[in-house]
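All chains, full assembly: derive it from the sequences and hints.
For the protein sequence lines, the chains are A and B, in the order given. Residue numbering for the first sequence follows this note's numbering, beginning at 1 and increasing consecutively. Residue numbering for the second sequence follows this note's numbering, beginning at 1 and increasing consecutively.
Since the hints were derived computationally from the structure, they do not count as laboratory data. Treat the hints with care, as some may be off.
Residues of chain A clear of chain B, computed beta-carbon distances all greater than 10 Å [to be verified]:
{"#": "1", "residue": "ASP30"}
{"#": "2", "residue": "ASP81"}
{"#": "3", "residue": "GLU122"}
{"#": "4", "residue": "LYS174"}
{"#": "5", "residue": "ARG177"}
{"#": "6", "residue": "SER183"}
{"#": "7", "residue": "ARG193"}
{"#": "8", "residue": "LEU221"}
{"#": "9", "residue": "GLU224"}
{"#": "10", "residue": "GLY235"}
{"#": "11", "residue": "GLU241"}
{"#": "12", "residue": "ALA354"}
Selected chain B positions facing chain A (Cβ under 10 Å, derived; list incomplete) [said to hold, decoys possible]:
{"#": "13", "residue": "ASP524"}
{"#": "14", "residue": "LEU641"}
{"#": "15", "residue": "TYR644"}
{"#": "16", "residue": "ASP645"}
The structure presented is a predicted model; accordingly, all values stated were derived computationally and were not measured. The beta-carbon is built from N, C-alpha and C at its ideal position, and this holds for glycine as well.
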Amino acid sequence: MSEPVAVRVPQINPNDEHAIVVRWHVAKGDRVRTGQTLVTLETTKTTFDVDSPSDGYAFFEHEPNAELAVGAPIAWIADHDGPLRISTPAANTNTDAKPASAPAERFTRKARKLIKQHGLAEADFIGLEKVDAEAVERVAAARGTKPEATTRVPAGAVPLAVSPSKMTEIQTLKRVREQVVPSTVAAALKADRVAARLKREAAEQGPVSTLEVALYETARLLPEWPELNGFYAEGGAWTHEAVAIGFAVNLGRSLRVPVVKNAGSASLRDVARAVRDLTLRYMRDELTIEDVTGGTFTITDLSGEGVVNFVPVLNERQAAILGLCAPRGDGSCDLVLTFDHRLSDGMRAARFLAALRSRLEDAPG
Amino acid sequence: MNVETRRHLHTAYLVRTVEEQLLRLFAAGKLSGTTHTCIGQEMAAVALAAALDRRRDVVVSNHRCHGHYLAWTDDPDGLLAEVMGRATGACAGLGGSQHLCAPGFFSNGIQGGIVPVAAGLAFAKKLGRGGGIAAVCIGDGTLGEGVVYETLNMAAKWSLPLLLLLENNLYAQSTSQSETLAGDICARAAAFGIATLHGDTWRHDDLAVLLRGAAETVRRDCRPVFVRVDTYRLAAHSKGDDDRDPREIDVYKRRDPLNRFLANDDAANEPELAAIRERVERAIERAATAPVLDLAAGSNGSRALTPLSWLQPQPQPGAQLAAINRALADWLAEEERVLLLGEDVRSPYGGAFKATRGLSDGHPERVLNTPISEAGIVGIANGLALGGRRPIVEIMFGDFLALCFDQLLNHAAKFRGMYNGRVSSAIVVRTPMGGGRGYGPTHSQNLEKHLVGVPGLRVVVLHGRAPIASLYRALRTSVEPTLIIENKLLYRERADAAPPPSYEVVETAEPYPTTMLRTNGPPDVTVVAFGRMSLLAEQVAAELVAEEVALELLFPLSVSPLDARPVHESVTRTGKLVVVEEGTAHFDLASEVVARALEGYRGTGRLRVRRIAAQPRPIPSALELELGVLPSAASLREACLELYDE
Numbered sequence: 001m002s003e004p005v006a007v008r009v010p011q012i013n014p015n016d017e018h019a020i021v022v023r024w025h026v027a028k029g030d031r032v033r034t035g036q037t038l039v040t041l042e043t044t045k046t047t048f049d050v051d052s053p054s055d056g057y058a059f060f061e062h063e064p065n066a067e068l069a070v071g072a073p074i075a076w077i078a079d080h081d082g083p084l085r086i087s088t089p090a091a092n093t094n095t096d097a098k099p100a101s102a103p104a105e106r107f108t109r110k111a112r113k114l115i116k117q118h119g120l121a122e123a124d125f126i127g128l129e130k131v132d133a134e135a136v137e138r139v140a141a142a143r144g145t146k147p148e149a150t151t152r153v154p155a156g157a158v159p160l161a162v163s164p165s166k167m168t169e170i171q172t173l174k175r176v177r178e179q180v181v182p183s184t185v186a187a188a189l190k191a192d193r194v195a196a197r198l199k200r201e202a203a204e205q206g207p208v209s210t211l212e213v214a215l216y217e218t219a220r221l222l223p224e225w226p227e228l229n230g231f232y233a234e235g236g237a238w239t240h241e242a243v244a245i246g247f248a249v250n251l252g253r254s255l256r257v258p259v260v261k262n263a264g265s266a267s268l269r270d271v272a273r274a275v276r277d278l279t280l281r282y283m284r285d286e287l288t289i290e291d292v293t294g295g296t297f298t299i300t301d302l303s304g305e306g307v308v309n310f311v312p313v314l315n316e317r318q319a320a321i322l323g324l325c326a327p328r329g330d331g332s333c334d335l336v337l338t339f340d341h342r343l344s345d346g347m348r349a350a351r352f353l354a355a356l357r358s359r360l361e362d363a364p365g
Numbered sequence: 001m002n003v004e005t006r007r008h009l010h011t012a013y014l015v016r017t018v019e020e021q022l023l024r025l026f027a028a029g030k031l032s033g034t035t036h037t038c039i040g041q042e043m044a045a046v047a048l049a050a051a052l053d054r055r056r057d058v059v060v061s062n063h064r065c066h067g068h069y070l071a072w073t074d075d076p077d078g079l080l081a082e083v084m085g086r087a088t089g090a091c092a093g094l095g096g097s098q099h100l101c102a103p104g105f106f107s108n109g110i111q112g113g114i115v116p117v118a119a120g121l122a123f124a125k126k127l128g129r130g131g132g133i134a135a136v137c138i139g140d141g142t143l144g145e146g147v148v149y150e151t152l153n154m155a156a157k158w159s160l161p162l163l164l165l166l167e168n169n170l171y172a173q174s175t176s177q178s179e180t181l182a183g184d185i186c187a188r189a190a191a192f193g194i195a196t197l198h199g200d201t202w203r204h205d206d207l208a209v210l211l212r213g214a215a216e217t218v219r220r221d222c223r224p225v226f227v228r229v230d231t232y233r234l235a236a237h238s239k240g241d242d243d244r245d246p247r248e249i250d251v252y253k254r255r256d257p258l259n260r261f262l263a264n265d266d267a268a269n270e271p272e273l274a275a276i277r278e279r280v281e282r283a284i285e286r287a288a289t290a291p292v293l294d295l296a297a298g299s300n301g302s303r304a305l306t307p308l309s310w311l312q313p314q315p316q317p318g319a320q321l322a323a324i325n326r327a328l329a330d331w332l333a334e335e336e337r338v339l340l341l342g343e344d345v346r347s348p349y350g351g352a353f354k355a356t357r358g359l360s361d362g363h364p365e366r367v368l369n370t371p372i373s374e375a376g377i378v379g380i381a382n383g384l385a386l387g388g389r390r391p392i393v394e395i396m397f398g399d400f401l402a403l404c405f406d407q408l409l410n411h412a413a414k415f416r417g418m419y420n421g422r423v424s425s426a427i428v429v430r431t432p433m434g435g436g437r438g439y440g441p442t443h444s445q446n447l448e449k450h451l452v453g454v455p456g457l458r459v460v461v462l463h464g465r466a467p468i469a470s471l472y473r474a475l476r477t478s479v480e481p482t483l484i485i486e487n488k489l490l491y492r493e494r495a496d497a498a499p500p501p502s503y504e505v506v507e508t509a510e511p512y513p514t515t516m517l518r519t520n521g522p523p524d525v526t527v528v529a530f531g532r533m534s535l536l537a538e539q540v541a542a543e544l545v546a547e548e549v550a551l552e553l554l555f556p557l558s559v560s561p562l563d564a565r566p567v568h569e570s571v572t573r574t575g576k577l578v579v580v581e582e583g584t585a586h587f588d589l590a591s592e593v594v595a596r597a598l599e600g601y602r603g604t605g606r607l608r609v610r611r612i613a614a615q616p617r618p619i620p621s622a623l624e625l626e627l628g629v630l631p632s633a634a635s636l637r638e639a640c641l642e643l644y645d646e
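Next comes the structure, spelled out in structure tokens:
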């Protein structure tokens, strides 16, 4: 009878330090074969399956919606179906041998302090039996955080739950903010003329949404504004040859940004099909890591929420993000572009918006 | 009038002339402080000095000591310059009127306390086998103090060559003896089996004979003799504070032997009396132009700040109690001067905590059981030290140090300073303190904080890794009194116990080293632990290894004076300081450590501190309650983590 084999949460994306259990495909104690899917996990960007590394009997503890750190054991494959015996890690053994001391904490005091300093959360380490300074530094290094001065919490403040995915997002945004010089410009569309455009398209090839048309037209324009389809790195500006536009979706599940690849060469019909396909996969929790990576530009559409103006927040390693707003009472609706001022400037951005507006609006009459 | 009588009267005239001059100088505002003259009592001092042998005897006097000093030394220059505060004075102006020191002469301004000191000097004379004796001068007012009786008992029991001269001038400062004294004066001494004699200063020839006989008896039989000398003080207690009936004073003025001698108007005396007056005048003139001591130049209190070096401690096998016993045994064997005194210290008992077990077997004449007389024992030890011996006193429970405080504060700690470094006062007082055994409010205290900060008194507090052998090596060359506070619960601890995982033990290369436990990484929090609290500190350090929190533990051995350099070095690294002690909170040892740490703090950011001490209340007897009052490892741990998290 050999030791059970631990199945650990894999690192799918460098920025993800945790995953959420979506559903188990086996029951506890089930006989499984090598390669058989055990569980579906979800990260901030995608869902993925974890397969059994060997034949045996599967054991696990975490129920759906549980969050686990990358590297934490999620299941064990034993070569027998009796009660599972797992060796206690050395750190725990030491503590057990010293009954005088307090019961072993999962987090060392130093780890807790570092978590605070790095702006991480204990939830970032779910599934690790023992979290020490080294573990925290590892996660911190992966996220590129620096220790920060802790903000004093005034009396009377009540803590709000911050999910691991939100923590990841916070880290990403903080990084962006540290490096990027963001700037925002806006232009007003005439809602009735956009509606006319949509009506015309619907007549020609079936119904399309503002988002789909905006994505299609942006893809057409970006080759002329390569700096908005680029990024700033290593002290210089870069642009992507391809145009791949992500669109933010947040329909009750967590925020995802699936990407329409080859948007630059796709027809409006193809773009519309891709958007719908990705949205459906989002609803079904079927987005793959490929679906959500590789974007060169992002569009975020809050028009459905009745938002008439907002400032979109830049994504990491992108130069610009376009926001779509709902019509105001006067029949105008805003196009908002946030861009990295290191790559572009207000005039260039304004001209981009003007060009996009003329492409979205049908001429009157 | 025979030659000796004339000589005595001339000496008395010198005393009176000096004191009258002092009163004039005070009246003229040329002297500060106060003085206590013996005008009218001089013949007692003169007769005493005449009865003793200056080459081998010693005199201990009190606040009213000018006559004794002058009769013994014939040194008006030394006395006048001293009272006038000059560097040429007997004690360079440090002692003043009441605190004089000369070869074979000591005076102190504390009354009863000088009696055991004199008994200790007598003990040293006895041990020296040179036939010397000690004399102590007290007044009738001194009889109100209990340590006198402790000493009468021990002096009689141990057959000490001690001549007790009681000058009975009928008043304790302003209060008549009739208000304060019960029973008979001589009966007090007689109750201890001490021979008593009775004389007076008006029949001074008889007094000289009486005292000579008394001194001979003391010397020959090596036992104490008590002499009551009736006399009368013609001047005020000090300067102008005299409420006695002037008619009473007048009666005694007319009886005064010196007044009667001067009234005889014997022309043959005049040249000599004039010479005495002239001598005193010149002495005052010399003193007036003499320099005042430069304390800064003579200071030995400061020392160059040298970087600390840290060494591996010497191995110390066995429990602390055994190490103490071994150190005492070694010292007794190496130095004939060493004596060990205490209650129940001899075999077979070997002390309440067995620190002196077996020591009297090897040195029966130098390991002595004492009566329950803590003040008297320490006082006798003080006298032994002045007499060149190295006494070690065991006080059974540290709580009883309260009874010895006068001897520690006003005698042991003062001698070197007020006698301008002319003496050694190297007594060692060992005593266990601390709770945790349910001994209750008066047998469990840690009274360190009441005893530290006394200039001239070193206070050593043993911790769990105290280097006992090094300590006793340092004590061998010490010339100052040392109080060693042991701890009942540390006796069974071993200095060579394994340190907490990943910690190493080092100590400063000082005579009284500070022990440090450190990890090889950067420390997070400095913990200064006194006494038994070192055990708690080590326990917490071990617990916090699992939390990846590194403490730097400092265990000072000498608490007063305190070497603050290790604390400075450590808090510069950590910026966080916890001080833990077993004594009660507030006005505690930590106050000093924190203040010193702040004074020398060179770290970045604010120095953050916590203090852990016993609750400020009497130590409860019930063990459960006691443990709740004493500092716990949990409270120390919490304080460390609080600071760590900040």
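Evaluated hints:
The claim that ASP30/A is not at the interface with chain B holds, since no C-beta of that chain comes within 10 Å of its own (minimum 37 Å). The non-interface label for ASP81/A is consistent with chain B: the shortest C-beta to C-beta separation is roughly 35 Å, beyond 10 Å. Every C-beta of chain B lies more than 10 Å from that of GLU122/A, the closest at about 14 Å, which supports listing it as non-interface. Consistency note on LYS174/A: stated as away from chain B, and its beta-carbon is indeed over 10 Å from all of that chain's, at 23 Å minimum.
With a cut of 10 Å on Cβ distances, ARG177/A stays outside the contact zone with chain B, its closest approach being about 27 Å. Listed as a non-interface residue, SER183/A keeps its Cβ farther than 10 Å from every Cβ of chain B; the least gap is roughly 38 Å. Listed as a non-interface residue, ARG193/A keeps its Cβ farther than 10 Å from every Cβ of chain B; the least gap is roughly 60 Å. No Cβ of chain B comes within 10 Å of the Cβ of LEU221/A; the nearest lies about 53 Å off, and the non-interface call holds.
Chain B leaves GLU224/A outside its interface by the beta-carbon criterion, the shortest separation being 54 Å against a cut-off of 10 Å. For GLY235/A, the shortest C-beta to C-beta distance to chain B comes to about 33 Å, beyond the 10 Å cut-off, and the non-interface label holds. Taking the minimum C-beta to C-beta distance to chain B, about 48 Å, the non-interface status of GLU241/A holds against the 10 Å cut. The beta carbon of ALA354/A is kept farther than 10 Å from every beta carbon of chain B, the shortest such distance being approximately 54 Å.
Nearest Cβ of chain A to the Cβ of ASP524/B: about 8 Å, under the 10 Å cut. The hint holds. The beta carbon of LEU641/B comes within 6 Å of a beta carbon in chain A, closer than 10 Å, and the hint placing it at the interface holds. A distance limit of 10 Å between C-beta atoms decides the matter here; for TYR644/B the minimum to chain A is near 6 Å, and the interface restraint holds. Given hint, ASP645/B at the interface with chain A, holds; its Cβ is 6 Å from that chain's nearest Cβ, closer than 10 Å.
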